[in-house]
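Number of protein chains: 4
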Amino acid sequence: MVGGGPGAGIAETHRTAMRLDDKCVLIAGVFSRDSEKSRRAARQLRIDLDRVYPDYSVMAEVESKRESDRIDVAVIVTRTDSHFEIARKFLQSGIQVICDKPLCLSLTEAKELKRLAEEKELILCLTHNYSGYAMVRHAARMVRNGDLGKVCVVQAEHASGWAATLLEKQGHPQAAWRTDPVLSGDSSVLFDLGTHAHQLARFVTGLEVTEVAAEMSQIVQGRAIKDNANLLLRFSNGARGTLWASMAAIGNEHGLRIRVYGDRGSLAWHHEDPCHLRYCPLDGPQQILAQGADGLSAEAKRWTRAGLGHPEGFFESFANIYTEVAEAILAKSEGRSYVKDELGFPDASDGARGVAFVESAMRSFASGGVWTAVEAI
Amino acid sequence: MVGGGPGAGIAETHRTAMRLDDKCVLIAGVFSRDSEKSRRAARQLRIDLDRVYPDYSVMAEVESKRESDRIDVAVIVTRTDSHFEIARKFLQSGIQVICDKPLCLSLTEAKELKRLAEEKELILCLTHNYSGYAMVRHAARMVRNGDLGKVCVVQAEHASGWAATLLEKQGHPQAAWRTDPVLSGDSSVLFDLGTHAHQLARFVTGLEVTEVAAEMSQIVQGRAIKDNANLLLRFSNGARGTLWASMAAIGNEHGLRIRVYGDRGSLAWHHEDPCHLRYCPLDGPQQILAQGADGLSAEAKRWTRAGLGHPEGFFESFANIYTEVAEAILAKSEGRSYVKDELGFPDASDGARGVAFVESAMRSFASGGVWTAVEAI
Amino acid sequence: MVGGGPGAGIAETHRTAMRLDDKCVLIAGVFSRDSEKSRRAARQLRIDLDRVYPDYSVMAEVESKRESDRIDVAVIVTRTDSHFEIARKFLQSGIQVICDKPLCLSLTEAKELKRLAEEKELILCLTHNYSGYAMVRHAARMVRNGDLGKVCVVQAEHASGWAATLLEKQGHPQAAWRTDPVLSGDSSVLFDLGTHAHQLARFVTGLEVTEVAAEMSQIVQGRAIKDNANLLLRFSNGARGTLWASMAAIGNEHGLRIRVYGDRGSLAWHHEDPCHLRYCPLDGPQQILAQGADGLSAEAKRWTRAGLGHPEGFFESFANIYTEVAEAILAKSEGRSYVKDELGFPDASDGARGVAFVESAMRSFASGGVWTAVEAI
Amino acid sequence: MVGGGPGAGIAETHRTAMRLDDKCVLIAGVFSRDSEKSRRAARQLRIDLDRVYPDYSVMAEVESKRESDRIDVAVIVTRTDSHFEIARKFLQSGIQVICDKPLCLSLTEAKELKRLAEEKELILCLTHNYSGYAMVRHAARMVRNGDLGKVCVVQAEHASGWAATLLEKQGHPQAAWRTDPVLSGDSSVLFDLGTHAHQLARFVTGLEVTEVAAEMSQIVQGRAIKDNANLLLRFSNGARGTLWASMAAIGNEHGLRIRVYGDRGSLAWHHEDPCHLRYCPLDGPQQILAQGADGLSAEAKRWTRAGLGHPEGFFESFANIYTEVAEAILAKSEGRSYVKDELGFPDASDGARGVAFVESAMRSFASGGVWTAVEAI
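Chains as they are written, first to last, in our numbering: chain L, 1225 to 1601; chain P, 1225 to 1601; chain G, 1225 to 1601; chain V, 1225 to 1601.
Possibly wrong hints are sitting among the right ones.
Since the list gives no way to pick one copy over another, a pair counts as held whenever it fits inside one copy or between any two copies.
As the list claims (entries may be wrong) - Think about it this way: if two alpha-carbon atoms lie no more than 35 angstroms apart in a straight line, the pair counts; the simulated DSBU-like pairs of lysine-lysine are: (1) 1393 / 1344; (2) 1374 / 1564; (3) 1289 / 1374; (4) 1564 / 1393; (5) 1261 / 1247; (6) 1556 / 1335; (7) 1393 / 1374; (8) 1525 / 1261; (9) 1393 / 1556; (10) 1261 / 1393; (11) 1393 / 1525; (12) 1393 / 1289; (13) 1289 / 1525; (14) 1261 / 1374; (15) 1247 / 1374; (16) 1344 / 1556; (17) 1335 / 1289; (18) 1247 / 1525; (19) 1247 / 1556; (20) 1525 / 1564; (21) 1374 / 1525.
Note that these hints are calculated values from the structure, not bench results.
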């Protein structure tokens, strides 16, 4: 693990996700640029101090030379602007990568990571964990099965209320860098939240966003960047839609949701109630599909632990991604052929698509909202 | 009443709304172009056949000359393309008008009706009945009171699933004319549904839509017109938003809803559950405001009949509009000064705004989705 | 109409219900024991003063002697303790009756009214209006059709929060007599609210409550009567259940709901959302049945006016009862055979069943909660 | 761990819960009576085979004699009928216990375990995991804080649909022993499900059930035992309520829920949506309290990992219990005084209360439903 010292929120989520299914063990890392802090974190995590490294570069080099006990995968949970360098280094060293989202901040970099991963046949998993939810997988399966007919309209949102006040001026470190015009810029709301909605839309529908028309605005007065984005979307099959990303939608808890309308049925999923999926067939009443119920797809069953009425949530969705990667690594290590499932964990392609989407949206907005193509990757 | 013979759906709603509060009596009309059908309808409605007229023009002229018992207001429930001529005739004859929405099909006509109504100091009420719901009035009051702070984002939808199949080829008369490329054209989904969402957004927020960027598409294959529209909006105070109008969103019952986010709170209302309003203040938990509960505004109380937990719905919202017009007419007839409340029934201005909005959206779409100004009226 | 002078809440609901479908006209009445108040009410209601009577007895006698224009039915909206005398008088005079619920306060009286109505072949309709909701009718039809298999468990509630404070000491007239130990007694919560839940359970399931075990308690301190009742039920087919009646369940709006579980499926309906019905078949996901949707029963269609997504509520349910009675009266007046539908409006039998149920529950409670038979009527 | 070999559902939940917060490590066990199966399980779980024991008795004796590395606590996940012997043995050997619920099958045994644990000052935690949910803790805190005033009515349910068919005849091992008239008897539905609702009611309200009147029935035809129970409750402060336990309520997912009504407010919690709590104060609108939101109690914050809008569920609630026990053990081991919090994990007292409750309910039912005292323990 690179990053994730004391106080780093998302790293703890990654570590919990590793433990949950008992498929992954954390054995090495650089937990802070400050080596004392890094070692302190390692001690808390009961990691052998011999495998605490001064920086990611040394870690990649040393670990890549270990024999039987080298790390299977490096987990990157640093700030986004460092993802590219770190991921590239590990890939170059022949080490697989799990990287927190978004993949990086430029399409050029994203493509380079994708190219590297493919060239070296290494896994690069991006933890868009929402793609790991059992009912999101089920939704994706239903669309692939044709239960919705041709997808015509997609309404995706990640409109959270987490930064509905000037947190950045109240000592909130996450808010500080995410609203810093230099570090993050206006694209922050799209990189941080928009890419989740974009990935969810792609994952569930199997379609690509080919064009975007973007409008951005500011909700919280005094903030240095735009904190709200409303986008029109065109999809690869001709479907249309909208995407709303916001960090200041008061009263929305987490605010990730998707509604997909086809010409034979519709689906709706909302992260605040992740074990249910609303399905409306053309000829029949609305159905509430519940995780763990009889009759769901193999994908839904595969990623359900306790069964009907026993809610699984954020950590389980994250653990699903980790377990899926662990199984892929195991398959590779055993020489079994490993083919990533269409409905499997997000990878470098997904990451690059996300970056391309944000770049296109920013260009659209800069040019007054004209329809702007999203590069196919 | 002009229109509303046998089988005309919305006319029966108007008549029910008239009766509900016992403030209006139907006493004259032209119920069909076929005078025999018209008289038959009149008999069923127990209307004196002396006041069944061969056409609206005769009706306007004869009624305008009656003394004490002339009609107070003419109700127009014909197809939209005839609204202008009929409304103009009654206004010219000095008779007030209640007109089904949308007001008419061109801005020029809409302005003429508005001008006429103002010049003659006559009421021209447009039955956007959703503005009549107690909790919609309450929402509007809360925004005016500043409970949401500055409104920043407005998400409005009228995405219904009513025409999710080719009803127009299955003998459904409403669907036939609403999807006829000559009679209704691509603007149909905006005139029929979009104007409801537009009016709801304006009514609740007190803001005007000043610019629109529009995208239209088709869900039902084989349909002669676009049946889906996704719009980006800019509002008069700088707020942003989206509006989704659809006639083929499978699984959506009626699909009219609005969410308003300010910098101090947010509100959400959904027509499928019209007696509740979700309110999220910045500093506190989400609240479910219920019609009839203690502590609501005067507007909410004014338009509530039975009280907490006794649902009122579509007909009551419609009746609220009728009763409000009846009271206005009574005030005028008694020489009391009548000033339309900001939160009162929709009128010619609202109707003209709606037509301007549709025209701008159509121009935006025709020009590839560029931001297009909506004329202030 | 007997009763229903100024300020009488439920009378206005009855009058609105009469008007809604334009099948009933109010033409005579005794609106108050104070004849001046009665005449004032009549003027407001535009009723011919010749048909305002000094008391119900005179009204019954005079009206029963009128020829062509005599009233078809007398509506009784007085306080419950006077229902028996008034209803008996009209029935004895050969005039049909619509009576607000509960029918009366003793089983002996209830049976007498039932006997009279049957002997004279007169309609005695009891306005348990919740039996008039389209989706309640649909639920009843589904149970009759066997969609739930054998009904095994019934959970019924009418636990309202309307009197969660000492309203009776704050000048609230309804609360005053409903919590008066002499006028209403501990049985008040059962007569006023429990009978609605009891009727709803019977209507939906087609079963009778054969035994009851009752516990009563007090929520609001200082109240002179019990305001809460929890009952265990045994049904005629062996099903079990509970019934909760309360007038002081804080936060419950109206609080009428029912859940029915069979061995093939289950149903749930809640008055706060009356246009939807939750249906869970044994082999399949939960379905949300919506009023106005395709595929519902004839009963649901019959009592739906505007269609899918256009909410109908309290007044429409009440109007359904009135319209149904109007049609029955019309059938009788035209000499057509009239057979009350099993799923039709509540009548004297239902009323007597309700009174028997309350009496048995009170006896059970008085004897320490032992199972007590409910007389079959 | 005793029990929990291959295929034992709940053991895997316990193990996941141990790992989640990284406070517990599984190091010894008897995973099956078949020693080969036991060793196979140990290998899968990466447990040192030296610490796999032939039976719980040997395990207790050997482990109790180890020095620095002896187990801190024994986890019992066997079938209920063996809980008593195993728990007694570990307690007698000076080893603390975490036991799956219910504690045991007789009150005499339960009291003996409680006595032993107290005498030896050992922790005996009972994994009623629902008491571990952050929002359940918050509910309990609100009641203790007086936010509801005096608790007056408690409606508790654990009415699941898990065994709505004859699973026991379809090779379902859980269903087989839970519906075996010899092994489990009619009390099964109360022991398995009723005790969860009973514990939830006690935990949230801080009240004891002092009397119960019980009715039991059968939903699934052909089943050898009663699978449904409806109970009336009296609480220690005079409050009343009901408890519904069922294993065959079709369409209910898990079916655990509680509603508490006081004279100043009410609360509702439903396991299918565990991160929200409905709160209705007497003077104000209904509030939806959300896990992770600002302003919640220290208890809610303490047991929340990821924050607002990031759902936590079944495994996290279970992990909360484990982590709480781990902290208590740590405190004890460090010589810090450890006082179990009123809102802390369920223990032997809670377990004994649950058994007493079931025994009283069974006696009430056997005697025709008379009110039966529940022994205070």
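Status of the hints after comparison with the structure:
{"no.": "1", "hint": "1393 / 1344", "in the structure": "neither (44 angstroms within a copy, 53 angstroms between copies)"}
{"no.": "2", "hint": "1374 / 1564", "in the structure": "within (25 angstroms within a copy, 48 angstroms between copies)"}
{"no.": "3", "hint": "1289 / 1374", "in the structure": "neither (50 angstroms within a copy, 59 angstroms between copies)"}
{"no.": "4", "hint": "1564 / 1393", "in the structure": "neither (44 angstroms within a copy, 40 angstroms between copies)"}
{"no.": "5", "hint": "1261 / 1247", "in the structure": "both (27 angstroms within a copy, 21 angstroms between copies)"}
{"no.": "6", "hint": "1556 / 1335", "in the structure": "within (24 angstroms within a copy, 55 angstroms between copies)"}
{"no.": "7", "hint": "1393 / 1374", "in the structure": "between (47 angstroms within a copy, 20 angstroms between copies)"}
{"no.": "8", "hint": "1525 / 1261", "in the structure": "between (41 angstroms within a copy, 26 angstroms between copies)"}
{"no.": "9", "hint": "1393 / 1556", "in the structure": "neither (48 angstroms within a copy, 42 angstroms between copies)"}
{"no.": "10", "hint": "1261 / 1393", "in the structure": "within (26 angstroms within a copy, 59 angstroms between copies)"}
{"no.": "11", "hint": "1393 / 1525", "in the structure": "between (45 angstroms within a copy, 23 angstroms between copies)"}
{"no.": "12", "hint": "1393 / 1289", "in the structure": "neither (45 angstroms within a copy, 57 angstroms between copies)"}
{"no.": "13", "hint": "1289 / 1525", "in the structure": "neither (39 angstroms within a copy, 44 angstroms between copies)"}
{"no.": "14", "hint": "1261 / 1374", "in the structure": "neither (53 angstroms within a copy, 44 angstroms between copies)"}
{"no.": "15", "hint": "1247 / 1374", "in the structure": "neither (38 angstroms within a copy, 47 angstroms between copies)"}
{"no.": "16", "hint": "1344 / 1556", "in the structure": "within (13 angstroms within a copy, 52 angstroms between copies)"}
{"no.": "17", "hint": "1335 / 1289", "in the structure": "within (27 angstroms within a copy, 60 angstroms between copies)"}
{"no.": "18", "hint": "1247 / 1525", "in the structure": "both (19 angstroms within a copy, 29 angstroms between copies)"}
{"no.": "19", "hint": "1247 / 1556", "in the structure": "both (15 angstroms within a copy, 32 angstroms between copies)"}
{"no.": "20", "hint": "1525 / 1564", "in the structure": "within (18 angstroms within a copy, 39 angstroms between copies)"}
{"no.": "21", "hint": "1374 / 1525", "in the structure": "both (25 angstroms within a copy, 31 angstroms between copies)"}
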